[in-house]
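Keeping the supplied structure of chain B fixed, place chain Z upon it in accordance with the hints.
Here are the chains, one letter per residue:
Protein chains: 2
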Amino acid sequence: MTATHYQVIAHYFARPNQVRAVLALLAELARASRQEPANLSYEFFQNGEDPEHIVILERYVDAAGFERHRDSEHFQRIGAGQIIPLLTSRRVERYEGSAEE
Amino acid sequence: MTATHYQVIAHYFARPNQVRAVLALLAELARASRQEPANLSYEFFQNGEDPEHIVILERYVDAAGFERHRDSEHFQRIGAGQIIPLLTSRRVERYEGSAEE
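Residue numbers (UniProt numbering), protein chains in the order written: chain B, 1 to 101; chain Z, 1 to 101.
Next comes chain B alone, as it looks inside the complex (with noise of 0.2 Å):
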């Protein structure tokens, strides 16, 4: 079955020092995320070999329910609003199509 949706992976790469502060946010912003209607999944992962390299893989409906999401009152108070703070360097890539289940 061949599903589409858009993916979302944003790399985050958190100051040494706040790497478990910028986890236990994304514990809160995830719980906050999933709750939108467009968003399908909302996981986020520490590299196996760097810990301050973090990843979130996010899947909406579609592109718009991304948009929705960095709008949202829980992102920009929690994602924009603290997270971001807390990091050297971000990079968001979007792919948009399917993934063959």
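Worth flagging that the hints you see were computed from the coordinates, not collected in a lab. Fair warning: this is a prediction, and the values are worked out from it, not measured in the lab. Even glycine gets a Cβ: it sits at the ideal position worked out from N, Cα and C. Honestly, I wouldn't trust all of these hints.
[As the list claims (entries may be wrong)] A few chain Z residues that face chain B, going by a derived Cβ cut-off under 10 Å, partial list only:
1. Q7
2. L26
3. A30
4. G48
5. I54
6. G97
Same frame as chain B, now just chain Z:
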């Protein structure tokens, strides 16, 4: 700049007492995979909320490059031969396209 490539997201679910072993084997497989001519990146991550859930983000020049990876001696020996038997399940997602840099 829009670059086209072949992005693979592989979700591995390790047996509860095999997480450390899987991570160590993935480090070995990562080193070998990064030497492949068609490999652009190979990184593995552990879920921040479920340590048994490991994701590999692999990027290749094209689909053929990923197939050559699957046929490689090191994937057959380490991936298929040693890691996969330590998993309860796995899911591989493939995306062709571009990631705006």
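Against the structure, the hints come out as follows:
no. : hint : verdict
1   : Q7   : holds (6 Å)
2   : L26  : holds (6 Å)
3   : A30  : holds (7 Å)
4   : G48  : holds (5 Å)
5   : I54  : holds (7 Å)
6   : G97  : holds (6 Å)
Of the numbered hints given earlier, the model fails none.
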